Amino acid sequence: MNPDLKLWLIPILPLAGAAVNGFFGKRSSRQAVSVVGLFFSGAAFAWALGVAFRFSSLDLPYQEYLAHWIRSGSFSADFAFYLDQLSLVMLLVVTAVGFLIHIYSVGYMWDDPGYYRFFSYLNLFMFFMLTLVLANNYLLMFIGWEGVGLASYLLIGFWFTKDSAASAGKKAFIVNRIGDFGFLIGLFLLIQHFGSLTFSQVFEQVKPMSAETAGAGLLTAIGILLMVGACGKSAQIPLYIWLPDAMEGPTPVSALIHAATMVTAGVYMVSRSHVIFERAPGALTVVAVIGTLTAFFAATIGITQTDIKKVLAYSTVSQLGYMFMACGVGAFSAGIFHLMTHAFFKGLLFLAAGSVIHAVGGEQDMRQMGGLRTKLPWTFWTMTAGTLAIAGIPGLAGFFSKDAILWRAYQASWAYWLAGVVTAFITSFYMFRLWFLTFFGEYRGAAATADHGSHAAPGAHGGHGHGGIHESPRVMVIPLAILAILSVIGGYVGVPGSLGGNNRFDHFLGPVFRATLPAESGQTQMGEKGATEQTTEGTEPKEEASKELMFTGISVAAAFLGLGLAWLLYYRSPDLPARIAHGIAGLYGVVSHKYYVDEIYAAVVVRPLVNGSTSILWQGVDRKVIDDTVNRAADGARHVSDEVRHMQSGNLRSYAGWIAAGAAVLVAYMVWLGVAR
Amino acid sequence: MVPLSYYLVLSGILFACGVTGFLIKRNIITIFMSIELMLNGVNLSFVAFAAHWHQLAGQVFVFFVMVVAAAEAAVGLAIIIAVYRTRETLNVDQVNLLKL
Amino acid sequence: MTMLLAQMQAIPQSADYVRILPELVLSIFGILVMVLEPLVDEEKSQKTLGMIAFTGTAAALISTWYMAQSPGLAFSNSVRVDSFSVFFTFLVIAIAAVVILSSFEYMAVQRIRAGEYYALILFSVVGMALMASAIELVMIFIGLEISSISTYILAGFRRHEAASSESSLKYFLLGSFATAFFLYGVALMFGATGSTNIDIISQKLQSGPAQVLVYAAMAMMFVGLGFKVAIAPFHIWTPDVYEGAPAPVVGFMSTAPKAAAFAVLLRVVFAINAPGRFWFLWVAAALSMTLGNVGALVQSNVKRLLAYSSIAHAGYLLVAFAMTTPENFGTGISAAMFYTAAYAAMNVGAFAVVSHFANAGERYVTLEDYEGLGRSSPLLAATLTIFLLSLIGIPMTGGFFAKFYVFSAALRANLVWLTLIGVVNSAIGAYYYLRIIVVMYMRESRKEVPVSPIPLGLALALGISILATLYLGILPNRVLQVAQHSAQDLLPDLTSAPASTAQTPHQQPISRP
Amino acid sequence: MISIHLILFLAFGAVAVAGAVNLLVQRHPINSALSLIAVMAALAGEYLLLGAEFVAAVQVIVYAGAIMVLFVFVIMLLNAGVEEQTKGSRVAILFGVPGMLLGSLLLAWVVLKHSGTGEVAVGALPGAPNVIGGLLFHEFLLPFEITSILILVAIMGAVVLASKPTVAGGGPARKVQD
Amino acid sequence: MNIDHLSPYILTLVTFVPLAGALLLMLLPRRDRDIRIFSLVITLLTFGLSLHLPVYLHRAQAGFQFEIDKPWISSPNIHYHMGVDGISLWLVVLTTFLSPLCVLISWKSVHDRVKEFFILLLILETALIGVFTSLDLFLFYFFWEATLIPMALLIGVFGHERKVYAAVKFFMYTMIASVFMLAAILWLYARTHSFDFVVIRDAIAQHQVANFPAAAPWLFLGFFIAFAVKVPLFPFHTWLPDAHVEAPTAGSVLLAGVLLKMGTYGMLRFNLGLFPEQSRGNAPWIMALALVGIIYGALVAMVQPNMKKLIAYSSVSHLGFVVLGIFSFTQSGLNGAMFVMLAHGVSTGGLFMLAGVLHERRHTYEIAEFGGLASPMPVYAASYLFIVLASVGLPLLNGFVGEFLVLSGAFQAKPIYGILAATGVIWSACYLLWMFQRVFYGKVTNPRNDSVADLLGFEKAAIWPCAIAALVMGVAPIMWLAAIDPAVQAALTPFAQVLSKVVSQ
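Protein chains in written order, with the numbering used here: chain A, 5 to 681; chain B, 11 to 110; chain C, 33 to 545; chain D, 1309 to 1486; chain E, 1072 to 1576.
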């Protein structure tokens, strides 16, 4: 019998924090606000840890019923929570990173007038994210799903006086809505065929089903629809466009929501539904392809960006692409593994970037930076760690997770692997480009003092008047440090066998993913074969291991190649990039304009919609067709009325004429009747 | 012996003449006379039918019609005078303030 | 010898006089008014004479109750007192009473000699009461003439107004024109049946197949009666006459003579069971509804607008006549009777308001004048609104149930199309009534329109009309039951005509001595 | 063979119709009035042929006498001149007259065909005054009495409408209202 | 007081207390403040009374409760028959809930002819409640028509620039349409000699109505047109924007909040109740119209320059969901439809009040006039956002539950309809958030917006209840659904039979 973990407390605590800050924050001091914000998020983290400690003693999956939510006929969806290894991992990542970023924000947002608002939003986000993670049915998950969307809407548009920020928030919400549309349809299909949205019930009914022939079938449809939802939330092609704009939000937000946690919700959802996907190879292929493409394209865009946060944004998109690639080839555990490590190092990178921006007074253009190495030692070193990690330099978190994905990708198809490796190369290139541009060379920006307080983050530290570029306060540095450590050592929970580890992370998630394989998933499921092999480390034939090692080597080489290239272009001869860009101006232009995707969407979707609705529907149908028809009918009546009036010529003899005529007709009719009878 | 229908036709002709007068005459008084003509026509058929049915009721009816005609004449001519007072005309075509 | 016997029997007994008691009372009071008129001085004349006239109507109402106690034939079969005739007698007298009440102050404002006015109203009511109870065509004719002639005079009462005298003239000439037709019809009917007594006529018609002469006679009579009740195509006179006549008179003549004429029409149509009437009635009903409503849409003079609306209402009412099978006659008749009552209630009320608002010389009768009335005189506006809503046919007002009974009767007779026409028409009609409400409440008055405070008499009149309207709208039961009962009284003539003559042996054709 | 009765009928009838037509064609009301009197006289003859002596008498006295005199009097009073042929109403000509013709033709046809083939002899139904009087005072007592009301109304109406404006006389006389 | 003793009369009380209040109000002297307070008290009292219904409703049992059935007019056979079930009950409560808020929101905004205004408001409330409580067709028709006049007057007397046009348009549209319903009712009466809904329904169900099959399609249409115009369904919707733009705030609130629901309620109660077969037969094109309404309304709303028009068109879209749900003939479809009605009533009511608040300050609804309002009036902005999110259909707020159920119902009935309708989820986000951005975000460009006052006390008192209700309905919809579900089940039973018949043929 399971103990009562009171899981519901974990989401509720941040909600309480949000409520307290939202209602009373305006009138209370910054200290109080920070205390409240930190306490509640911290409490959630603590509770999560507590759960983690008692985890081994639970028989899984652990479910917890709180209350009815919707009951309609036979269908029902309740407030109920679901805990297994997968959700535990997510739980810890979210609460931990979330808590750290709360701390960081205290320093970053200290001087912002909307301080209390910020923390209330942040807590609100935590609430929804945790609901999403802990839900035991799709509908509850959908609450979190939409809720985090709301939170990100609010936080992106946090500085709402900036039009770009407001638009970005709206864009994010709407694009997410497009994804949710697919998600909803998927849910309807589930309801229609399984009569329930509760994970356990749905999966129980799905398990006996056999893998569908690729391309067709119910599960495939469901899978693809769910993937549409994931695309929206996790910024995959074609719905990734909102994420870069989302960088309008304060940097901690970018770190927490648009790097570490929310955007990974899609990955989580897909792996949560792995039972369905495993039986829908068609859907899996879609996932894999989308992931791969996104990874590659986003990376290429990343090269050309000059805004430090934009670079990170595109790199996030591309990393998410990796995760989906993993899911797509059935390597869910690898995907989750990368999700975790990515949460660490990308969160770190964003925070560090934030610290840089903070230091140089809100400047985000890398071309205006440089030589900050000495001025911001902490930031520099932590960011280095992050960069190395994401670039996949051996020994760091990113290396292991990415490697695991690539290996499994190869097992599925060499195409995925190739794309993955190239992306890895590009990734390390643009990351080191960022690194070099920011910290090396000499400072290219105007005197930072000049634009103190004038930048978008209203006076991130305008309060204490001092010139020059300076290291961030300790409250911001500490989270950096912790995350740096995590992104260094975080990978060691999943050292693959080939490197003499035994993939503990994979084992931990084993019961979730491996217990549910379809009956005959033989050769159709390359990835799954790999998975089964991995479980039996010892028995793994040597050449497999060596092959895996070789591939690892290739990806490492790719990483270093990227590093080298970046060193060449942005450290040794900084004038080269301009000439190259000039050389391939056309391509460069296209890429640096993000392939004009936004413009294309605007031209193809938005403008026609607005103009069409205005001129055709509103002015056309409403005014011209419907209203005019009615009015014309009324006018017609009035005309007839006028005719009738003119019977009343006012002339007595005419009246007599009418009467006589009427009488004549009447007499004629009656006489005719009389005769006819 | 004269067929009943002769009388009826005669009365019909008179009635029709009355109607025609109402339609074509312009002078109000003449129009009023045409009404009287119509009544006379009716009276004739009453009397004729009375003879046909041996029912004196018909003749009594004629008597009443005459009384009514007298009354109408009194009122009608009074009205005509009133109209003339306000409009200085007896042409019915010019008495058309009220219209549409 | 037989003739002498007949004459002996024909000498009226007291019962006969009881059966025309209301008429007698009214005539007496009318004469009284005339006699007193020179004695009272001009200023007070309106009030005093008005009070006398009102007392007269009140007394007449009471005597109606007496009369109702002794149903039966009177004056050698020229009148029959049954609940049908009682209903209409009561109705017309009540209408007269209300109109008199509402005329007090109008007379004063228009500075019209009141004596003849009230006397004429009373006399015309005598005529109408007789029309309601007469079963002898001669009697009907006389009654018709009395009511018509007095209404001609009333219409021209503001004789210094060109409009008033013109409307009087038009009404008079066309009226007599139509009367001539009616008379000709009577003559032909007499020729066809040899009698002028409705009972005997219907008896004759039931006995054998009607000859062509009867059809012709019916056609002519329909022309006359159709003119009196103003149904298309004989409605043509209505707008002009109503526009020109004094407002209270319009209120009177758009309800009372119509009610009486409808009573006659009911007798002719149902008691005689006139042959070959169906399509005439159908078309006339549809035509009247449509022409009336459509014509009213663009009117700007309230009196004229209400005139058109009265045409439309005559049309609705006529729908109830288009019953073909005897088992539906009952519902049709009762529906029609209810409608007359309801229409009388609301229309008299509406015209009372109009006449009060019209002011000296009837200066304010256009829609523009009504702008902002809701603000300048909320009570008056609210009252008028109630009547207009009833005319639209909003539930809980008499107008609704009136339409309701008529249309459900029609539906029961499977006149689906006629019902649809009527229903759609009532929707169109809503528009112009609504226009009045709109200008009263939603427009700000652009010119200065004086609104004198509501005098007691008018208040009383309005109160009565509102009560009647709402009563018929909320508890229509009683009235409807009475109507149904009267319908039963009216109908047996189809079957028990012999009985009705059996009790009057002296009504045999008089043979040559 | 043509009986004297028929000849008389035709003679009177001819006079009547001629008078009626003359009434229509005459432009001056006085002539119309005179021709109407002629019609009435002729009709009185017809009544006599039918035996309705009383009616014939009344026809001459009341109708041709009283009423027509009243007409003539009014014509004189208002010294109505020759009526001018104004174009007032197309309807009356376009619908009214044809309608009238149609209707009357139909009626004529009806009476000719369907009024029974009864023939009436000279003085078919003698309506002597005493008989009529008897009827009036018994069967038709009520109508007879009520006609008094009618007369009363008529007198009153004449008084009200035709009398010159009295002290109380109406508001501002507005000849033409908008 | 013994509650069971009260139960038979509670509906009468709830229905006529406002009317009584109106009559008393007529006698009150023209002291505006007293009048306002008095009408507030009356409406609150009504609300309190109406709470009796959900509290003492026997949730488990379907069918009508709190019934009262007294003969009123013997011929025609009209009964004073009232009763509610899980469907109408909530609409009654919705009405009584919104009315006090209307009084509050008009507290300052109405300063001319205050007395008339509140009299009309109270009369309107009675009429609205009556529509939902009456089970006698005649009574129903009476209340149905009775809503017209006060509403038209509210629009025409207290409205804005083109008020008269709007009022007349509103009146004529609904009047002409409802006339067909009257004809249908008359036909039914002529055949069954009863106005009683239950009696007629059973008579039809047992095929005791003479030549019903021939007439049924027309009768169905007769009812349907009246309701469709009221809803308003797609081609008949053009009166709504005009009416809303011109109406005073309270008018708009009741118009959108309750009046439109009369149409959908009518479809649910009468079209489905009396003509199951015809309903099923006509469902395809009706659902298609509803679908068009959803998307069309949303698209047109998106491009409206006028805030109130935008909300009006959004109502067209939302009501489309309701109709779609009703004619999906699925349990969740109907549940959802009911829930959307309630949710839309609350959130759109709130939106209109908020718009009214703005109109109070700036005397315009033109979105272009505003911008950056979030800075001068944060509380207002927050409340506005909350309501907007509610009507966007954010989970845990009232909008979501209904839409979700409707969509899943429609999806089960006809997947393609469900899918197309689901795009509404996107559109609503588009137009509402865009509008919100244009009004509240960015810098204050128009100097006149610098100093607009934030929400006042009575405005908070009027708007926040809506927000709270939205939250509660979103978190605990079960409280409503528990009552709705059995009623809907009962409403759907004939369709099971129809279906079986169709199958058997």
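Calculated from the structure, these hints are not laboratory results.
Warning: the hint list may mix true and false statements.
Unchecked claim - Keeping only pairs whose Cα atoms sit at most 30 angstroms apart, straight-line, the calculated DSS-like set for lysine-lysine is:
(1) B:109 with D:1421
(2) A:166 with A:628
(3) A:30 with E:1485
(4) E:1186 with E:1531
(5) E:1514 with A:30
(6) E:1514 with E:1531
(7) A:166 with A:30
(8) A:166 with E:1179
(9) A:211 with E:1514
(10) E:1514 with A:166
(11) E:1186 with C:479
(12) C:236 with D:1421
(13) E:1485 with A:598
(14) E:1179 with A:30
(15) B:109 with C:479
(16) E:1531 with E:1179
What the hints assert, rightly or not - What follows is a list of derived Cβ distance ranges for each label pair:
(17) E:1141 with A:208: 28 to 34 angstroms
(18) C:98 with E:1104: 38 to 44 angstroms
(19) E:1130 with A:208: 39 to 45 angstroms
(20) B:109 with D:1378: 28 to 34 angstroms
(21) A:8 with E:1446: 44 to 50 angstroms
(22) E:1131 with A:601: 36 to 42 angstroms
(23) E:1079 with C:483: 46 to 52 angstroms
Keep in mind that this is a model prediction, so the values were computed, not measured.
Backbone N, C-alpha and C define an ideal beta-carbon position, used for all residues, glycine too.
Comparing the hints with the structure gives:
{"no.": "1", "hint": "B:109 with D:1421", "result": "violated (43 angstroms)"}
{"no.": "2", "hint": "A:166 with A:628", "result": "violated (39 angstroms)"}
{"no.": "3", "hint": "A:30 with E:1485", "result": "violated (50 angstroms)"}
{"no.": "4", "hint": "E:1186 with E:1531", "result": "holds (23 angstroms)"}
{"no.": "5", "hint": "E:1514 with A:30", "result": "holds (21 angstroms)"}
{"no.": "6", "hint": "E:1514 with E:1531", "result": "holds (25 angstroms)"}
{"no.": "7", "hint": "A:166 with A:30", "result": "holds (21 angstroms)"}
{"no.": "8", "hint": "A:166 with E:1179", "result": "violated (34 angstroms)"}
{"no.": "9", "hint": "A:211 with E:1514", "result": "violated (55 angstroms)"}
{"no.": "10", "hint": "E:1514 with A:166", "result": "holds (7 angstroms)"}
{"no.": "11", "hint": "E:1186 with C:479", "result": "holds (25 angstroms)"}
{"no.": "12", "hint": "C:236 with D:1421", "result": "holds (20 angstroms)"}
{"no.": "13", "hint": "E:1485 with A:598", "result": "violated (40 angstroms)"}
{"no.": "14", "hint": "E:1179 with A:30", "result": "holds (28 angstroms)"}
{"no.": "15", "hint": "B:109 with C:479", "result": "holds (25 angstroms)"}
{"no.": "16", "hint": "E:1531 with E:1179", "result": "holds (13 angstroms)"}
{"no.": "17", "hint": "E:1141 with A:208: 28 to 34 angstroms", "result": "violated (56 angstroms)"}
{"no.": "18", "hint": "C:98 with E:1104: 38 to 44 angstroms", "result": "violated (58 angstroms)"}
{"no.": "19", "hint": "E:1130 with A:208: 39 to 45 angstroms", "result": "violated (31 angstroms)"}
{"no.": "20", "hint": "B:109 with D:1378: 28 to 34 angstroms", "result": "holds (31 angstroms)"}
{"no.": "21", "hint": "A:8 with E:1446: 44 to 50 angstroms", "result": "holds (47 angstroms)"}
{"no.": "22", "hint": "E:1131 with A:601: 36 to 42 angstroms", "result": "violated (56 angstroms)"}
{"no.": "23", "hint": "E:1079 with C:483: 46 to 52 angstroms", "result": "holds (47 angstroms)"}
Checked against the numbered hints given earlier, the structure breaks hints 1, 2, 3, 8, 9, 13, 17, 18, 19 and 22 and satisfies all the rest.
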